[in-house]
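Asks: What follows is each chain in one-letter form.
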Amino acid sequence: MKLVIDEKRCKGCNLCTMVCPYKIYKPGKKPNERGIVVPELDRPERCPNCRLQALYGRTLCGMCQMICPDQAISWVDEKPGEKKKVAIEF
Amino acid sequence: MTYTDWLRADRLPHIYCAGCGNGTVINCTLNAVVQAGLKKEETVFVSGIGCSSRAPGYIVTDSLHTTHGRALAFATGIKMANPALSVIVFTGDGDLAAIGGNHFIHACRRNIDLTVVCMNNMIYGMTGGQGSPTTPRMALSTTTPYGSAEPAFDLCELAIAAGANYVSRWTSYHVKELTRAILAGLRTPGLSFIEAMVQCPTNFGRRNRYRQPLDQVEYFKAHGMLVEKVRRMQEEGREIPPDTIVLGELARRNRPAMGVKP
Ligand SMILES: Cc1ncc(C[n+]2csc(CCOP(=O)(O)OP(=O)(O)O)c2C)c(N)n1
Ligand code: SF4
Ligand code: SF4
Ligand code: SF4
Ligand SMILES: [Mg+2]
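Protein sequences appear in the order of chains A and B. Sequential numbering of the first sequence, starting at 1, is according to this note's numbering. Sequential numbering of the second sequence, starting at 1, is according to this note's numbering.
Errors might be hidden in some of the hints.
With a straight-line cut-off of 20 Å between C-alpha atoms, the simulated SDA-like cross-links for lysine to any residue are [said to hold, decoys possible]: (1) B:Lys-176 - A:Tyr-22; (2) A:Lys-8 - B:Asp-10; (3) A:Lys-84 - A:Lys-30; (4) B:Lys-176 - A:Thr-59; (5) A:Lys-23 - B:Glu-218; (6) B:Lys-176 - A:Cys-61; (7) A:Lys-2 - B:Thr-4; (8) A:Lys-23 - B:Gln-212; (9) A:Lys-26 - B:Leu-214; (10) B:Lys-176 - A:Met-63; (11) B:Lys-176 - A:Leu-60; (12) A:Lys-30 - B:Ala-18.
Keep in mind the hints are simulated off the structure, nothing from the lab.
Using the sequences provided together with the hints, build the complete structure.
Replies: Right, here's the structure in full:
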């Protein structure tokens, strides 16, 4: 699975940048077409959910998703043919 | 099932300002509701008026968005008419403790089987930032332009004194703990009161030196102290820093309750 921020919901508050133990979220630099500076993802494949959420059938950690006041963070399945990216970092 | 199944996706993004803590409290509450195994058809969300009180509008279950301060009165009516329902109240500090103060103490006294989640942003958010009964001393608001001169209410102490069976306080930073507290509240018969300290970047934060939503959340993180530690320090005669936010389970007891699920 892969970690995505829904650009239609995100309001650019950067609360997610505070809680991730892997520091995957970095404050963004450019406003999107809605004028919102959405955070950038630094190697999101390091999030354990990319590798294990489907296997365990539940969300691990989940701090970013819980604190995101705009319900903008989720994990989605890769599209057919899309390369799966996972990384293990201790 | 996950908590996102309880959201009205067609109503999102919600109306809250960027970084408003209310959205986080919705996440935690719905997570607790899912963990408690509640059914959508048997759960009702009730609220008064305020930014916080708009929360039920983003949830798929039946709900009542009532008049300012009266959420607990409506919730009491629902519970008395049909105790089989799980009734969860979203309220704000102004809604609960200012105009709704009497309903609050009497719902606690009657110990009605409700779960009350108060999003305490220490301000009237919706109406533009007037001081509320929980605005801290010296804090700036449109009605306290030189700093509030009044002592603030401690909502948890109030709930305990009035008789609620379960009382807890957490903040929008402590998402896992807050979820656990709401779950414990849902499982405790009688009135469960969970105070969630939240940031209001627009009307509280920007007047009180929190330039970004993150700054106030960092403050909650730095100034929160577990109640167990506070009590230990008091026993040892050590001084508790004046701006400490006491966190954790503050009361759990078994007083007679009304409207308990059969
Ligand atoms: C009877 C009545 N009096 C006053 C108001 C105006 N009013 C609307 S919201 C509000 C205060 C909301 O404060 P709070 O409950 O803390 O909610 P917040 O917006 O901070 O989440 C007030 C005074 C009203 N709607 N109805
Ligand atoms: S679930 Fe945890 S590890 Fe994964 S991105 Fe979110 S905060 Fe980081
Ligand atoms: S917490 Fe949510 S809304 Fe805020 S910046 Fe991160 S993804 Fe966007
Ligand atoms: S005014 Fe304050 S409480 Fe209301 S939505 Fe904005 S940040 Fe949230
Ligand atoms: Mg308020």
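Asks: Next step is simple, just say for each hint if it's right about the structure.
Replies: Against the structure, the hints come out as follows:
Restraint check for B:Lys-176 and A:Tyr-22: the C-alpha separation of about 18 Å stays at or below 20 Å, so the hint holds. A hinted pair counts as satisfied when its Cα atoms are at most 20 Å apart, and A:Lys-8 with B:Asp-10 qualifies at roughly 12 Å. Our distance criterion of 20 Å between C-alpha atoms is broken by A:Lys-84 and A:Lys-30, whose separation comes to about 27 Å. Of the pairs offered as hints, the one joining B:Lys-176 and A:Thr-59 holds, with about 13 Å between alpha carbons and a cut-off of 20 Å not exceeded.
Straight-line distance between C-alpha atoms of A:Lys-23 and B:Glu-218 comes to about 16 Å, which keeps the hinted pair within the 20 Å bound. Distance check on the hinted pair: B:Lys-176 and A:Cys-61 sit about 10 Å apart at the alpha-carbon level, within 20 Å; holds. About 17 Å separates the Cα atoms of A:Lys-2 and B:Thr-4, which keeps this hinted pair within 20 Å; it holds. Distance check on the hinted pair: A:Lys-23 and B:Gln-212 sit about 19 Å apart at the alpha-carbon level, within 20 Å; holds.
Straight-line distance between C-alpha atoms of A:Lys-26 and B:Leu-214 comes to about 13 Å, which keeps the hinted pair within the 20 Å bound. The straight-line distance between the Cα atoms of B:Lys-176 and A:Met-63 is roughly 8 Å, inside the 20 Å bound, and the hint therefore holds. Note on B:Lys-176 and A:Leu-60: the hinted pairing holds, with a Cα-Cα distance of about 12 Å set against a maximum of 20 Å. For the given pair, A:Lys-30 sits about 17 Å from B:Ala-18 by alpha-carbon distance, which is consistent with the 20 Å threshold.
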